[in-house]
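A.B. asks: The chain contents come next:
Number of protein chains: 2
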Amino acid sequence: MAIQVAHPLDPLTPQEISQTAKHVRAGFPDGEAYFRVITLAEPAKAEMMTFLDGEHSKDAVSEPSKRPARLATVQVFLGQPRDSAHFYELKVNVESGEIVDQEQLLGRHPHVDANDMQKTEQACLSDSRVQAAIKEMQLPEGAVVKIEPWTYATDGMNDMSQKITMCYFYMKLISHPDANHYAYPLDLCVEMSGDARVLKIYHLPNGTSNDISMTAKPYDRRKIFDSSIEYHPDLVSQHRTSTKPYHVLQPDGPSFTTEGNLIRWEKWHLRVGFNYREGLTLHDVRYDGHSLFYRLSLSEMFVPYGDPRMPYARKAAFDLGNDGAGCNANNLQLGCDCLGHIKYFDGWHATSSGDPIKIANAVCCHEIDDGILWKHTNFRTGNAVVTRSRVLVLQTIITVSNYEYIFAFYFGQDASLHYEVRATGIVSTVPINVGDKVPFGTTVAPGVMAPYHQHLFCLRIDPAIAGWNNSLVVEESHAMPLEDQDSSVHNPFGIGYTTRSETVAEECGLDLDHTVNRVFKIVNEDVANPVTEGPVGYKLVPCYSQLVLAHPSSYHAKRSEFGAHAVWITRYHDSELFAAGRHTMQSLGGEGIASWIKKRQQRQEVLSNDNSATKVRKQDIVVWHTFGSTHNPRVEDWPVMPCEKMVVGLKPVNFFTKNPAMDVAPSTQERNRSVLVDDATEAGMNGHCS
Amino acid sequence: MAIQVAHPLDPLTPQEISQTAKHVRAGFPDGEAYFRVITLAEPAKAEMMTFLDGEHSKDAVSEPSKRPARLATVQVFLGQPRDSAHFYELKVNVESGEIVDQEQLLGRHPHVDANDMQKTEQACLSDSRVQAAIKEMQLPEGAVVKIEPWTYATDGMNDMSQKITMCYFYMKLISHPDANHYAYPLDLCVEMSGDARVLKIYHLPNGTSNDISMTAKPYDRRKIFDSSIEYHPDLVSQHRTSTKPYHVLQPDGPSFTTEGNLIRWEKWHLRVGFNYREGLTLHDVRYDGHSLFYRLSLSEMFVPYGDPRMPYARKAAFDLGNDGAGCNANNLQLGCDCLGHIKYFDGWHATSSGDPIKIANAVCCHEIDDGILWKHTNFRTGNAVVTRSRVLVLQTIITVSNYEYIFAFYFGQDASLHYEVRATGIVSTVPINVGDKVPFGTTVAPGVMAPYHQHLFCLRIDPAIAGWNNSLVVEESHAMPLEDQDSSVHNPFGIGYTTRSETVAEECGLDLDHTVNRVFKIVNEDVANPVTEGPVGYKLVPCYSQLVLAHPSSYHAKRSEFGAHAVWITRYHDSELFAAGRHTMQSLGGEGIASWIKKRQQRQEVLSNDNSATKVRKQDIVVWHTFGSTHNPRVEDWPVMPCEKMVVGLKPVNFFTKNPAMDVAPSTQERNRSVLVDDATEAGMNGHCS
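From first to last, the protein sequence lines are chains A and B.
447 is the number that numbering that gives the first Met the number 0 gives to position 448 of the first sequence; each next residue is one higher, with no gaps.
34 is the number that numbering that gives the first Met the number 0 gives to position 35 of the second sequence; each next residue is one higher, with no gaps.
Hints are computed from structural coordinates only; laboratory data are not their basis.
Where a beta carbon is used, it is the ideal one built from N, C-alpha and C, also for glycine.
Check the hints yourself; a few may be wrong.
To be verified - Some residues of chain A that are not near chain B, with every Cβ distance over 10 Å (derived):
1) 92
2) 140
3) 159
4) 228
5) 308
6) 503
7) 505
8) 590
9) 640
Stated by the list, open to error - Stretch by stretch, here's where chain A covers chain B in the computed footprint (C-beta under 8 Å, at least three residues):
10) 183-191
11) 231-241
12) 518-531
To be verified - Some but not every residue of chain B turned toward chain A, in silico, with C-beta under 8 Å:
13) 42
14) 421
15) 642
16) 645
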């Protein structure tokens, strides 16, 4: 068996991670290396265009000489103390060890370090002032205090070069390790320094005003209630028994095949990528030999809380930039997270010492049946032809403290593609006086308030629709003007409507408008559809969502620039993967997608003879879609919320010359083997149900 | 076995249909009865409130004396000719035969009569002037002409008391009975009278202008192309073989039980209704003993075309009012239209002679797995708890000439409910000159234009949220004002936001606005949630769609009043089931939801001492949601379009005291029996694939 050479888009192998760490230690022998990131530095797109054009051209064998070098991005503390003065980002040639690029990340902080968080928790709990504060609360006997550390969302009250962690306090009243401590938020919060020192102790506000007091109140016993706050099966008194088993059988196995990270399924071709930050990424997505997307990824997500009170204004999480969708990916379990025949992909991350660490089963790949794909009955003959929709799912699930996100790409046989986010897990809770109400949160249990918050996702779509240079067309449907005698308009009955299209000329942010059926089409103006004679394209089917609510002058808004518009279009740049900027931990704003555009515009104004940098027509472009939910919790979201789904679509629009799923075989009982429930069998079946 | 007494909400049985016809013939011995409709007249809601309150109260046994009488609504021609002067609607007591109510439907036309349509087609084809027109087109040898009859959408050019049918012409070039004639639209259209006489012959416009000519052009041979226009398996040269079998096994049978039309599933309780017009309806929908909805139904759908040219302004279908979702329901086939264990419900309709006719397998009931319901992993212990979402589906599919709609209600274990419409089938086509383009349609094949059109659905939600009297609350999320020194606002960091709610006071139409996260909640102000202390409720999760594009002065807009707003609220009235009015065939407008409201408002202005009729707070209300799609066809929608999904949700919002799905048992491999695809098995599995 030949040794498999990594594809240029494959994540770093464990061997490559180790090798890179070795190179870094050799390159910087003077200071101890404490690694935070060792991940693939994807090749420059210019190089990849050549490589992929070669790979997909029938007569060309990809020459190894043209294979882009394997490079790693490394984030590392070099020397002590592990502060931002010693924090570096390196680009390392994995094979040769050459340090290709080196940047001191002064004033920056890496993503969350679970080890540090644990140390911070321990230091916090063992601090005598904190212990005194806990004592003052006069907690019920047997209460075990739990700390929930939160990264510090900039509020301008601290020096940002100092890393800060906010420790929120909860308690457990039963000893089970999975008892739900979020049901018992306490009136205590401790601000901790990066080197695990107690900076400040807060007694939290419990009503509408910012009533932080310096004195603790005794714990209100009316907040203690029954076991309905629990979710763990050991603690749920009774599960419903009415749900009967449901198995998916695939007697001939799955319809997909894989070769390393390459998946082929029903005319689709795509490569699975994975990194500590974005988690699952997709590359070189093609259908039936046609190039569609160079890269699809969740670029960032932002979860700002709407509770205006101090210190809650510091609750605003960049779950990708600060926490990492990759390093928080669940180990997906066979039979639990999906049904049928399931293929798993592992991810790899690095320990602080530079050793590879497996993120097992981080991505799963399986098929589902999605009901009817298309159907027509000829009413003259009564003959029906119906096909079922088989869908390929690539799914990853992350846990970020209390909350979970399920991210999934769905591939359709009709060349459509959907990206779905399901939000679940436990809503973040804070204490509230029994009987009080606040206008920025919901009381979900006695003394437990779930503050309003938003989830803002940014899907990065790097298109390659029938080639590398694409344009974005904004199309709307408008009523034709009424016909009048002087007009050339022919609309005598007032019922005509037409579409109006505009091709976006410059980098910008755009908004949704369902009232005019505004549609965003990514097109290739150089490739005409032979039937329509217009450009081939894919349209974005957006998720209608409220944008960021925080005031434009607030840090929340400044730090999450992508939240200001639903759709953005930019020119492609290798460095622009993250819509809120490369470094989000305690960021000050002004580094996201709006700033990139603004900087290029300003530069053009200076260089008045050059206005090419912001042109986006027939260029290598990136389209970004901001969507999400304004999540004002319901009681029904407690104690674990049922999935809230958000879906974005990408669908061919005059890309093919007909419905690409016309060749899907009709659905038949012979093939599908369904079972008729008639009144007799049903009675029998139900004979033994409760 | 005791004879089962029909529940008051059960559709008429075949026996009841026969019996009703007999009563009508006996009651009107003088004129031959030609039946169009014999359907259940649902009991007055006032009666049903008493009945259902009794049925669901634990200590009361429903007294037969309080059982509402079985009544039938009958539409019938009494005597000759079968014109609107002889057209009646009767209300008949099924048992006693008493004619409870009688209305002459002067100026009205019943829904489409398939027999009439066939006669019209035949008369049209055998007319010598039509034959001459066909001959003039010089069609290719072997061409078989097919007629597609369309109901006449009012354009003001005809006397509406006369029934009119527009016959559009197509041809088939191969003899297969299911060859796709929509691929060959011809330049011919014939206007036919209700008594099957040719009124007018049109040669259709072929470009942007209204270039109707009185002379035919010979058929352009460039419009004849290959077999890629076909969908029937006999005519598709090759089906993909890559899709492997996928079976759903339910070893213990389904989780639902049925008793007649009553379905019980996972704490849900609901009754299936069915009639010729609305098709599937749901009644007395409850969860865990709580009343939620009295009735859920698709009230109407309107499909106006945007092609302004004569005679296309006459293309605008009321697929419920004119055609009937019930009488056009597909006979659903085991293993084709769904997987797993499937229970079917038959519908019953009446023939013109009053005999019952079965609409077999009109509704199917089955379960699907919908991925993850909720999940949480405790990051401290690594323990994950995950539940899968089992969903009950009630589905019906209708064929309206070229097009199909799949209507499905999805019930969730978390007490959420979704209504999904999938649009599929063949887009309506018209001829176009080869090489021409129009701004109100898409060329989907040489000489074949698919005009732009809209699908506007109106979901009727008759709530009974924890009781009969409900209110509608409109809630929005707004940023708090920035804090200033003189203000009492506490928002020092500019990040706070709150919800603002307004309870709708008067009957009206409302619109969606995702930019302020506008949410519509149906609440019961008299029932407080013990946790939040606010009213219990269900929220509408709307489908964001463009509203009707036709000019307000047009017949299209006047006839489809519900298309003017996305959400409507009215007081309940027994007679107000259909948002565009009871009689839509060739209607003139002014009879829909906006007119009901306006009439009540006007009446109140007259009776200035009585303003109670339009108040909707704490009343028996109905909420209507208009949604759909502006369907500007893609080439990919041809020859049969892949399903376009539209989804509306109804979700509890502070109705329960916690997530009602917390008792769903965790998902385990032992129970679900998934199969791991590892590299070895995959290689083996794929050994025999092509």
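A.B. asks: With reference to the structure, classify each hint as holding or not holding.
C.D. replies: To see whether the hints hold, each was checked on the structure:
Interface exclusion of residue 92 of chain A from chain B stands, the closest Cβ pair being 30 Å apart, more than 10 Å. The non-interface label for residue 140 of chain A is consistent with chain B: the shortest C-beta to C-beta separation is roughly 23 Å, beyond 10 Å. Its beta-carbon lying about 15 Å from the closest one in chain B, residue 159 of chain A satisfies the requirement of being farther than 10 Å from that chain. Under the 10 Å C-beta cut-off, the non-interface status given to residue 228 of chain A relative to chain B is violated; the minimum distance is some 8 Å.
Remark: the non-interface label on residue 308 of chain A conflicts with the geometry, its nearest Cβ contact in chain B lying 7 Å away (cut-off 10 Å). With a least beta-carbon separation of about 19 Å from chain B, residue 503 of chain A lies farther than 10 Å from that chain, consistent with its non-interface assignment. Its beta-carbon lying about 23 Å from the closest one in chain B, residue 505 of chain A satisfies the requirement of being farther than 10 Å from that chain. With a least beta-carbon separation of about 19 Å from chain B, residue 590 of chain A lies farther than 10 Å from that chain, consistent with its non-interface assignment.
At roughly 6 Å, the least C-beta separation between residue 640 of chain A and chain B is not larger than 10 Å, which violates its mark as non-interface. For a cut-off of 8 Å, the count of residues in the stretch 183-191 of chain B with a CB near a CB of chain A stands at 0, and the three-residue condition is violated. Chain A is given as covering the stretch 231-241 of chain B, and this holds because 8 residues of the stretch bring a CB closer than 8 Å to a CB of that chain, at least three being needed. Under a criterion of three residues with beta carbons nearer than 8 Å to beta carbons of chain A, the stated coverage of the stretch 518-531 of chain B is upheld, 3 such residues being counted.
At its closest, the beta carbon of residue 42 of chain B sits 26 Å from a beta carbon of chain A; the interface hint therefore is violated under the 8 Å criterion. Taking 8 Å as the C-beta contact cut-off toward chain A, the hint placing residue 421 of chain B at the interface holds, the least distance being around 6 Å. At a threshold of 8 Å, the smallest CB-CB gap from residue 642 of chain B to chain A is about 6 Å, leaving the interface hint in force. This hint is violated: residue 645 of chain B has a C-beta 11 Å from the nearest C-beta of chain A, more than the 8 Å allowed.
Violated hints for the displayed structure, listed by number in ascending order: 4, 5, 9, 10, 13, 16.
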